[in-house]
Amino acid sequence: MIEYTRVIKHETDRVPGFGAEVMRAPGCEKLASCIQCGTCSGVCPVSIYMDFTPRQIMALTRADFKDDVLRSRTIWLCVSCYACTTECPRKIRITDIIYELKQRAIQSGYYPEHFAVPVLAREFTDMARANGRITESLLVMRMYLKTNWLAALGMWRLGLKLMSTGRFSYTPEKIEGRAELEKMFAAIDTPIPDYSPSGAPGEETKGTQP
Amino acid sequence: MKDEPEIRIGFYVCHCGTNIAAMIDCQAVARYAAQLPFVAVSRDYKYMCSDPGQELIQRDIKEHALNRIVVASCSPLLHEHTFRNATEKGGLNPYFFHMVNLREHNSWVHSDGSKATAKAFAQIRAAIARVPHHKALEVLQVPIHPDVLVVGGGIAGIHAALTLANAGKKVYLVEREPTIGGHMAKFDKTFPTLDCAACILTPKMSQVKSHPKITLWSFSEVVKLDGYVGNYQITVKHKPRYVNEDLCVGCLECIPACVFKTPKFPDEFNQNLGKRKPVYIPFPQATPQVVLIDPEVCLNLKTGKCKQTCVEACGDRQAIDFDQRETFDDIKVGNVIVATGFKTFDAHRIPQYGYGAFPNVFTSLEVERMINTSGPTSGAIVGRDGKHPDTVGFILCVGSRDEKTNKWCSRTCCMHSMKLAQLIKEHCPRTEVYIFYMDIRAPGKGAEEFYDKSLRMGIRFIRGRVAEVTDWAVTPEEEGRLVVRCEDTMAGFVRRIPFDMIVLAIGKEPQADAQDVRRLFNMSCGTEGFFLERHPKLAPVSTFTDGIFIAGACQGPKDIPDTVAQAGAAAAEAMVLIDQGHIEIEPNTAHISEVDCSGCKSCLPLCPYTAIAFIETTKKASINAALCKGCGTCVAACPSGSITQNLFEDDEIFSEIAGVLAYE
Amino acid sequence: MNNEPFEPRIVAFFCNWCTYTAADLAGVSRLKYAPNTRVIRVMCSGRIDPQFILTALAKGADGVLIGGCHPNDCHYAEGNYKMLRRFQLLKRLLQDFGVEESRVRLEWISAAEGDKVKSVINEMTEQLRALGPLGMPAKFAAWDQEVEELQHQVDEASETEAAHA
Amino acid sequence: MKYAYFPGCSLKGTGRSYEESLLPVMRILGIELEELRDWNCCGATAYMSVDETKACVLASRNLAIAEKTGHRALVTPCSACYLVLNKTQHYLKEVPAISNGVGKALGAVGLSCHGAMPVRHPLDILLNEVGLDAIKQKVTHPLTGVKIAPYYGCQIVRPYATFDNAYQPTTLDRLCEALGATVAHYPLKTRCCGGSLTGTMPEPGLHCAYQLLKEAVKRGADLLATVCPLCQFNLDGYHDQIAAKWEPVRLPTLYFTQLMGLAFGLAPTQLGLQRHLVPMKPLLPVTA
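In order, the protein sequences belong to chains A, B, C and D.
This note's numbering puts the first residue of the first sequence at 74, with every later residue one more than the last.
This note's numbering puts the first residue of the second sequence at 27, with every later residue one more than the last.
This note's numbering puts the first residue of the third sequence at 599, with every later residue one more than the last.
This note's numbering puts the first residue of the fourth sequence at 3, with every later residue one more than the last.
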């Protein structure tokens, strides 16, 4: 018996409006003019590790295949090197679109439990918010503990070297204005960022509607 | 208006199918107009510009004794003429008509029906307030000088000049390079038929030179244009070529005689791939067959110290003239055809593709010269390292379809690259040729077949825009070669392919001085910098200035067949005016009421056409209607209000202002 | 005034060759912009008499937009410069009248810049919405009334004078 | 010349040798860097993946503090900080949704940010304000005979940098030449070092670092010059793992400021060179 490896996608696999929603986020509006030329994939330094190439992510997003996009490994592999954004002939800010997709994936829990990238991102934001600064050594330790503490064991040699060269910090860096920072965040605490989708998609008039 | 009969306005609002009616309630507009002062008839109709629509106006004029017509439809730039004609056919002076732009300025640009309809009310109220002030005007007629100036001697200019000359019209053809022929003269073969460019072009070039009706001025530029349609005065500058064109017989004996024994200066015609001497002819079939001397490198012109062996070789023909200076000619023509062509994209602007950094990266035009048997390599494809490439990669859309450089498609780089690829395959069938493309654009006669032929010849097509050309090797076979990195979007993975030669299919741009040329000939440019046609579909070779036509790639990228078709069209448009013998011009000129003029002379310096004269005997200003072009600047500036502009009288505009504001 | 937002009325004078054509282009390109502007076509921005602008404001416009060709691009060589000179003088006058600077605007818009027509009109509409109505007609009415009252006083005074005589 | 200075978290941790070399070198050239009072994390790329507005809030608190100093520009040596602070400036101008949120957050603590303070990289200051001639004058121990692979990394040239070409940057090349060194042709000068992936997804992350090192070795470079703490860490810290997975490509990676310090005659320990895991002593005759 031969198992099938390709699937036929049905309209029910799409989440209509997903692409349009992504395009309303800052920096993402130009996705509509993607011509699928593949420059982004060609310049991407980590594309070989991706399940979908960046170009395919653009196509899937625009076509509303929310599940495939948010479950894809590609978005977590993006290292924010901005090569795609700089080279895109349509000036699409691909890196910013990937950020947007990461945010959506984190908000709706679309990633494996011990997946390091989102865990690091979460730990990073928690530490930045609590202390005002990042202490890399402690951040990485926390990430390993939450994802794969065995891996941390594998890093002991590097850790020791960092300690011996004075690059490993044992105590967290903290700013004085922590209360001030918390007050700032509290002022805008909303679970999901609101990009106020004004009007129907494709509506060009801004603020002139009744 | 006192002695005139009672004003009776006919008002018509056009649905334009659904173009207007879908956004604006046309029936409500007609009802609104019906109750405005002086309106005798108010109707809405599906298509006012159609014959029945125009007949409706004519019938109403008779049946309802109308004496003013207002049509609310599209832009006056499109159909004002149509409705003026209808008004005239109905028995009224055509200038008793006024038009309201409900489509371009309203229904197409708004998305709220009730607000659009309210705006329409204001627009038509203005027109209905304005039109009673309209006066009967006579059309002005201007004679057309029968001669034509053609600017640019590429295939477009050559074809336009020959068409006109064969019809018996006198033509001046001005070309700024030392020879006519343009880009086409550099091509080896032409797609999709692969006929040799020189074989089809050079006969036309020599026809130009020998045609009794054509004056060919090469190495010359238009520096000044005055006048108006039918009566242009033009100044042409002839640059010194240090060779007397009338005395040179094109024997070329001066070239081997030059004190520089070997050619050592970059040869522009061969894209700097070859070398030439200070005294040279761009290419063997150059027209006119006259040599020229490059003052930048000629020993005699630079230092004054040279044995002048060229003069010796010329002998008693005495064609070489080191004292030659710029000269000027003044001519009069009725029409001008601008065919100034394009510039190729500078591949240095995309450093990722390594042009200038890696010796074996070439532009498509360089390869075009290389593959030409009379070119710098006598037809051989060789890299700058002297080796014949086993693998050649063509990168398409270099400087095209890219928002960081040029947004537009070059329209020819797919076909051009396929042509070069086929020629390389023909020259050396073992060569592996790849074409990296985003979309293959092969419209037009024979083009799809040409694409199919390329595929069958084994040219490999990879759909993906190349990310980078690099000398970063990761496998042994990549060492020392140029590696293309790109996503093969059809296969769905990123590939690295090593090449011996990369060819960049460079895009087309407006000429570097397109803005100066545009100002010189009073034309407009589109956002991308190509000259703007009057209407993209219906007036593709006309400009907004009467008597100035455009043809070829100066209007936008195009291939040779389209260029020749446009050149023929431009010649035909010029001939229409010439054979009419005169042109009717809009009577929107200004005139001065002598009684009211205080003789303050404020208006005199304002007129760019020196149409206003001060009459010493009466101490009053006076406008020459033949010179006035109807801008109205003097009208706005006249302190005594004694200048009036037809069609734009103060009363008319004031009532329009009141009209647009009368509706809440 | 009910709860509807204030909708400013803008009178626009566009030159035939550049800005009017650009507005046509905006239409052909189906760009969407605020419906608050009414366009009056002139052949050249040089034809625009400052009186046109003042009349528009006096008759109830909340703003006036003037569109001409870019410098050096005038179809009539330099009409746009002539307009610019007048415009600078007019701005001072309007300042004295207490008319905010953003109510009268001069823009160079070439025949190719349909998108600029859209952005300028939208921007100006927003600005004028924020500024609120200009209300010149009411002011003129008040001024007229003042003059009438003065005239009345003068008439009365001369009548009494006449009676005394 | 005096500038406001934003070191960023790395320069207080794993990248402290960057700061240790930056400050004395700048002082020698007459530039004073005044550290922002109580600065906080810039937000970095990690925060961008969670919440863009909040990332911009973090960055804009720093910008607000910097604006209060009245200095002509804010100098930040870390590429990520440079990118995030610049990106925030752009977003504050271009994206109302974000500038409103930031305005609200800053307003809650009585701060404000006008987005008017230029954020610049020390390399930009050195090339465009100080000038190569002034730098050459301070060179007492030219790096003659040292072949350097100039490595810019991603975020100082993309996408917001204006001081160098995004595709073919040359500022670092010219600086190295001014120090007397030879510059290797290095086609990977703007390719990513692996960024934070070296920690989260080691294989792809280290593969990036491996490729960079391998090409530098192949091009005959003695060392890599870098401008970013994360690049330095990735290229310096993982040689064991790289050797285990692929092949040994041991090459030291120095901050450009350390190279300048050496050329200016400072001792290696004054420049934090002892903190690096791949020693560079045998390579640099001047430091002997």
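Note that these hints are calculated values from the structure, not bench results.
One should not assume that every hint holds.
[To be verified] Cut-off 30 angstroms, straight-line C-alpha distance, at most; resulting in silico cross-link-like pairs (DSSO-like, lysine-lysine):
(1) A:LYS234 with D:LYS216
(2) B:LYS212 with B:LYS265
(3) B:LYS141 with C:LYS657
(4) D:LYS95 with B:LYS430
(5) B:LYS645 with B:LYS115
(6) A:LYS247 with D:LYS247
(7) C:LYS657 with B:LYS433
(8) B:LYS430 with B:LYS479
(9) D:LYS106 with A:LYS256
(10) B:LYS430 with B:LYS328
(11) C:LYS714 with B:LYS141
(12) B:LYS161 with B:LYS235
(13) B:LYS161 with B:LYS263
(14) B:LYS88 with B:LYS72
(15) D:LYS149 with D:LYS95
(16) A:LYS256 with D:LYS247
(17) D:LYS70 with A:LYS164
(18) C:LYS657 with B:LYS563
(19) D:LYS149 with A:LYS219
(20) D:LYS106 with A:LYS247
(21) C:LYS714 with B:LYS369
Just so you know, these numbers come straight off a predicted model, no measurement behind them.
Results for each hint:
no., hint, in the structure
1, A:LYS234 with D:LYS216, "holds (23 angstroms)"
2, B:LYS212 with B:LYS265, "holds (23 angstroms)"
3, B:LYS141 with C:LYS657, "holds (21 angstroms)"
4, D:LYS95 with B:LYS430, "holds (21 angstroms)"
5, B:LYS645 with B:LYS115, "violated (43 angstroms)"
6, A:LYS247 with D:LYS247, "violated (37 angstroms)"
7, C:LYS657 with B:LYS433, "violated (45 angstroms)"
8, B:LYS430 with B:LYS479, "violated (33 angstroms)"
9, D:LYS106 with A:LYS256, "holds (11 angstroms)"
10, B:LYS430 with B:LYS328, "violated (42 angstroms)"
11, C:LYS714 with B:LYS141, "holds (22 angstroms)"
12, B:LYS161 with B:LYS235, "violated (52 angstroms)"
13, B:LYS161 with B:LYS263, "violated (46 angstroms)"
14, B:LYS88 with B:LYS72, "holds (22 angstroms)"
15, D:LYS149 with D:LYS95, "violated (43 angstroms)"
16, A:LYS256 with D:LYS247, "violated (47 angstroms)"
17, D:LYS70 with A:LYS164, "violated (35 angstroms)"
18, C:LYS657 with B:LYS563, "violated (41 angstroms)"
19, D:LYS149 with A:LYS219, "violated (43 angstroms)"
20, D:LYS106 with A:LYS247, "holds (24 angstroms)"
21, C:LYS714 with B:LYS369, "holds (27 angstroms)"
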